[in-house]
Amino acid sequence: MMKAIVVAPRFDTATEYTYQWSREVVDLLKSMGYTVLEFSGRVDRREVESALAEHREALFVFYDHGSEDSLWAHFGKLIDLSNVHLLAGRDCYTVACLSAKRLGVEAYKAGCRAYWGYTIEFAFTTDAADYFKEFANYGLKLRVKEGRSWRECLDKAKQLARQLATKLISMGNIVAGVLMIRNADALVCYDGEPPEAKCPFRRVAVKLFGKKVGWRLSRLFACSTLLFGLGLGTAIHDFFVECADPLRFPPHGFWIGACLVVIGHLMVIHELLSRLRSC
Amino acid sequence: MNIEELILRAVEAEAKLKPNEKVFIGAREYTYAEFAKLLKKNDRSSKKLVEDFLSIAVKLFKENDDFKKRVLSLAGAT
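For the protein sequence lines, the chains are A and B, in the order given.
The opening residue of the first sequence carries number 1 in this note's numbering; numbering runs sequentially from there.
The opening residue of the second sequence carries number 1 in this note's numbering; numbering runs sequentially from there.
Since the hints were derived computationally from the structure, they do not count as laboratory data.
Being a predicted model, the structure only gives us computed values, none of them experimental.
Honestly, I wouldn't trust all of these hints.
No more than 25 Å apart at the CA atoms, straight line, and that leaves these computed lysine-lysine pairs for PhoX-like [stated by the list, open to error]:
{"hint": "1", "chain 1": "B", "residue 1": "41", "chain 2": "B", "residue 2": "68"}
{"hint": "2", "chain 1": "B", "residue 1": "37", "chain 2": "B", "residue 2": "47"}
{"hint": "3", "chain 1": "B", "residue 1": "48", "chain 2": "A", "residue 2": "101"}
{"hint": "4", "chain 1": "B", "residue 1": "40", "chain 2": "A", "residue 2": "158"}
{"hint": "5", "chain 1": "A", "residue 1": "158", "chain 2": "B", "residue 2": "69"}
{"hint": "6", "chain 1": "B", "residue 1": "22", "chain 2": "A", "residue 2": "167"}
{"hint": "7", "chain 1": "A", "residue 1": "198", "chain 2": "B", "residue 2": "47"}
{"hint": "8", "chain 1": "A", "residue 1": "101", "chain 2": "B", "residue 2": "47"}
{"hint": "9", "chain 1": "B", "residue 1": "59", "chain 2": "B", "residue 2": "40"}
{"hint": "10", "chain 1": "A", "residue 1": "212", "chain 2": "A", "residue 2": "198"}
{"hint": "11", "chain 1": "B", "residue 1": "16", "chain 2": "A", "residue 2": "167"}
{"hint": "12", "chain 1": "B", "residue 1": "68", "chain 2": "A", "residue 2": "167"}
{"hint": "13", "chain 1": "B", "residue 1": "62", "chain 2": "A", "residue 2": "158"}
{"hint": "14", "chain 1": "A", "residue 1": "156", "chain 2": "A", "residue 2": "167"}
{"hint": "15", "chain 1": "A", "residue 1": "156", "chain 2": "B", "residue 2": "37"}
{"hint": "16", "chain 1": "B", "residue 1": "47", "chain 2": "B", "residue 2": "62"}
{"hint": "17", "chain 1": "A", "residue 1": "77", "chain 2": "A", "residue 2": "3"}
{"hint": "18", "chain 1": "B", "residue 1": "22", "chain 2": "A", "residue 2": "158"}
{"hint": "19", "chain 1": "B", "residue 1": "68", "chain 2": "B", "residue 2": "48"}
{"hint": "20", "chain 1": "B", "residue 1": "62", "chain 2": "A", "residue 2": "167"}
{"hint": "21", "chain 1": "B", "residue 1": "68", "chain 2": "A", "residue 2": "158"}
{"hint": "22", "chain 1": "B", "residue 1": "59", "chain 2": "A", "residue 2": "167"}
{"hint": "23", "chain 1": "A", "residue 1": "133", "chain 2": "B", "residue 2": "40"}
{"hint": "24", "chain 1": "B", "residue 1": "18", "chain 2": "B", "residue 2": "40"}
{"hint": "25", "chain 1": "A", "residue 1": "167", "chain 2": "B", "residue 2": "41"}
{"hint": "26", "chain 1": "B", "residue 1": "68", "chain 2": "B", "residue 2": "22"}
{"hint": "27", "chain 1": "B", "residue 1": "22", "chain 2": "A", "residue 2": "133"}
{"hint": "28", "chain 1": "B", "residue 1": "48", "chain 2": "A", "residue 2": "198"}
{"hint": "29", "chain 1": "A", "residue 1": "167", "chain 2": "B", "residue 2": "18"}
{"hint": "30", "chain 1": "A", "residue 1": "158", "chain 2": "B", "residue 2": "48"}
Pair by pair, the computed Cβ-Cβ distance ranges are [said to hold, decoys possible]:
{"hint": "31", "chain 1": "A", "residue 1": "82", "chain 2": "B", "residue 2": "44", "range": "26 to 36 Å"}
{"hint": "32", "chain 1": "A", "residue 1": "163", "chain 2": "B", "residue 2": "16", "range": "23 to 33 Å"}
{"hint": "33", "chain 1": "A", "residue 1": "41", "chain 2": "B", "residue 2": "68", "range": "41 to 51 Å"}
{"hint": "34", "chain 1": "B", "residue 1": "58", "chain 2": "A", "residue 2": "54", "range": "49 to 59 Å"}
{"hint": "35", "chain 1": "B", "residue 1": "76", "chain 2": "A", "residue 2": "204", "range": "54 to 64 Å"}
{"hint": "36", "chain 1": "B", "residue 1": "17", "chain 2": "A", "residue 2": "159", "range": "26 to 36 Å"}
{"hint": "37", "chain 1": "B", "residue 1": "68", "chain 2": "A", "residue 2": "219", "range": "22 to 32 Å"}
One side of the interface only, derived from the structure: several residues of chain B facing chain A at Cβ under 8 Å [as the list claims (entries may be wrong)]:
{"hint": "38", "residue": "1"}
{"hint": "39", "residue": "14"}
{"hint": "40", "residue": "18"}
Heads up, the beta-carbon is just placed ideally off N, CA and C, and yes, glycines get one too.
Chain B with its partners taken away, still in its complex shape (with noise of 0.2 Å):
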């Protein structure tokens, strides 16, 4: 499993720990679930949205140890 698989599996179990808090980007509002699926799927509507959460994100795994940590813990992959 590469890094972007492992922080999408990630937020996909945070979102399952918060199923009535919203992510808002700009006007527009999801929940955490939503948004999970929205990384997911990444179509052309979100491509810019999705690569630059998946970029940071991947930086912060290569780099915070406890990001990558959190991450690895999410996705039960510890």
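Isolated chain A, as found in the complex (with noise of 0.2 Å):
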């Protein structure tokens, strides 16, 4: 059975909006036979972190304010870059400000499948709300009772997002048109369209292994690699010179080498291990 996590903390004026919002995505889940577990109102981090770890493709869906690094909730981060492992191998649909930017990214990075986010703070005007409540759910809606794809999702909601600020325009709410625009302009969705690579050493990666591949390379692969190719390249080059010479001083090339190559396996070990750990 499709289970879905919805997370909608309510605790000001703003999420007094959002938290509506999600009820409509509540209701829509619901009635496409999903299972949904809800968090609402005051929500624990520890509960929600469990219902994650246990339910590990459901759908996740959160309504509320964000960071560049984190989903908040009213005590504090909900998800961030300590327990972003979680949302691996499942879909994540956010409205929240700014958790695209760094958190969506690790998320993507950590092999999650989909996250559905803003790259800038989300922004609405209350004259306009129920506008802007159908941009928001929009994405989702197609997904679950259209079943299209996210690349799809993506690109209808950002159509979308111009209808609607067009008809906002043409009423005389010029403040909540542009804003409108504004959010579909930060609206991403990694897989959709998998983030932009700021580092010119993963824009390498990704050009070698793909965007799939390039994109979940650690840092600690990239150097583990980097030093057992160097390490394996002096021990070889010095293993000839010192046959060449045996009594060459210092003779130790060759096991400098191998250290290096040494070192260079330990990371890699050492990578695989925390990877384990976290699944």
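If you follow the hints, you should be able to join the two separate chains into one complex; please do so.
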């Protein structure tokens, strides 16, 4: 049976609105046969974490405040870089400020199937709240009701935002119209469109291994591979040099190379073990 | 008067029409009048928001006739 974990904390005026918006999504999920685990109002981090750990493939939906590296509840960070691995293997749909900027990227790197979110603050006006609600919920509606790909959902949601903005402008709501377009510009879905790499090494990795693998390679893995290559090269080079001149001083290049190989190997093992621990 | 000034004036006019409505930018809550002031002030803390807002609005002004018409009418420049 399909499952969804819907988190919608409710503790200030903005969250009163987003909480109401999330009710439509809960009803939709239930009507489509999902078993919905709801966490709303005062949310407990441990409860959400254990639900995520227990239901590994459940869709994760979050409505509320966010920041670059976290999703927030009344007490502070609910999902952040320390428990982002819990989003691995599932689709995540967030209507929260900024979280796609870093948390979403880390979630994608950790193996999250798709992360829907915003790279700047989500903005809305109370006089056009229904329009913003329509936009905020639209992607998930398309995905759940019509089974569209995340890429299609993203494109359609952005199209809808343009239509809604045009409507708002024609009604004289110029602030709401501009903010609607601003939200749409900041909307991303990693998998619909993988994160844009700023690091040159990441760009090389993405080019060499493709988006999926390139984005999920860790820095430690890259360093270990580099050390391994460097060590192997040094060891082979010095092996031949020392063979040709056995009395050369200092004669330890081979051993330096061998040490680098061993360190590189240990780093890979460490990486592998930490991944296995987080699974 | 340049486009940005027209837009700011239009936002101020819209604010006068909506004294009880709010604008939420993330967790921050403004009345329309406060939001108009924020755009005008353009201080360090809200620089990115103001720049984003104005660049979208200026683009709309140049490309969308209805938006231009609304802005001009609100700004009292028609």
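Against the structure, the hints come out as follows:
{"no.": "1", "hint": "B/41 with B/68", "verdict": "holds (23 Å)"}
{"no.": "2", "hint": "B/37 with B/47", "verdict": "holds (13 Å)"}
{"no.": "3", "hint": "B/48 with A/101", "verdict": "holds (15 Å)"}
{"no.": "4", "hint": "B/40 with A/158", "verdict": "violated (28 Å)"}
{"no.": "5", "hint": "A/158 with B/69", "verdict": "holds (24 Å)"}
{"no.": "6", "hint": "B/22 with A/167", "verdict": "holds (19 Å)"}
{"no.": "7", "hint": "A/198 with B/47", "verdict": "holds (23 Å)"}
{"no.": "8", "hint": "A/101 with B/47", "verdict": "holds (18 Å)"}
{"no.": "9", "hint": "B/59 with B/40", "verdict": "holds (18 Å)"}
{"no.": "10", "hint": "A/212 with A/198", "verdict": "holds (16 Å)"}
{"no.": "11", "hint": "B/16 with A/167", "verdict": "holds (21 Å)"}
{"no.": "12", "hint": "B/68 with A/167", "verdict": "holds (14 Å)"}
{"no.": "13", "hint": "B/62 with A/158", "verdict": "holds (20 Å)"}
{"no.": "14", "hint": "A/156 with A/167", "verdict": "holds (16 Å)"}
{"no.": "15", "hint": "A/156 with B/37", "verdict": "violated (34 Å)"}
{"no.": "16", "hint": "B/47 with B/62", "verdict": "holds (22 Å)"}
{"no.": "17", "hint": "A/77 with A/3", "verdict": "holds (24 Å)"}
{"no.": "18", "hint": "B/22 with A/158", "verdict": "holds (24 Å)"}
{"no.": "19", "hint": "B/68 with B/48", "verdict": "holds (23 Å)"}
{"no.": "20", "hint": "B/62 with A/167", "verdict": "holds (18 Å)"}
{"no.": "21", "hint": "B/68 with A/158", "verdict": "holds (22 Å)"}
{"no.": "22", "hint": "B/59 with A/167", "verdict": "holds (17 Å)"}
{"no.": "23", "hint": "A/133 with B/40", "verdict": "violated (28 Å)"}
{"no.": "24", "hint": "B/18 with B/40", "verdict": "holds (18 Å)"}
{"no.": "25", "hint": "A/167 with B/41", "verdict": "violated (29 Å)"}
{"no.": "26", "hint": "B/68 with B/22", "verdict": "holds (23 Å)"}
{"no.": "27", "hint": "B/22 with A/133", "verdict": "holds (15 Å)"}
{"no.": "28", "hint": "B/48 with A/198", "verdict": "holds (20 Å)"}
{"no.": "29", "hint": "A/167 with B/18", "verdict": "holds (18 Å)"}
{"no.": "30", "hint": "A/158 with B/48", "verdict": "holds (21 Å)"}
{"no.": "31", "hint": "A/82 with B/44: 26 to 36 Å", "verdict": "holds (31 Å)"}
{"no.": "32", "hint": "A/163 with B/16: 23 to 33 Å", "verdict": "holds (28 Å)"}
{"no.": "33", "hint": "A/41 with B/68: 41 to 51 Å", "verdict": "holds (45 Å)"}
{"no.": "34", "hint": "B/58 with A/54: 49 to 59 Å", "verdict": "holds (50 Å)"}
{"no.": "35", "hint": "B/76 with A/204: 54 to 64 Å", "verdict": "holds (56 Å)"}
{"no.": "36", "hint": "B/17 with A/159: 26 to 36 Å", "verdict": "holds (29 Å)"}
{"no.": "37", "hint": "B/68 with A/219: 22 to 32 Å", "verdict": "violated (49 Å)"}
{"no.": "38", "hint": "1", "verdict": "violated (16 Å)"}
{"no.": "39", "hint": "14", "verdict": "holds (6 Å)"}
{"no.": "40", "hint": "18", "verdict": "holds (6 Å)"}
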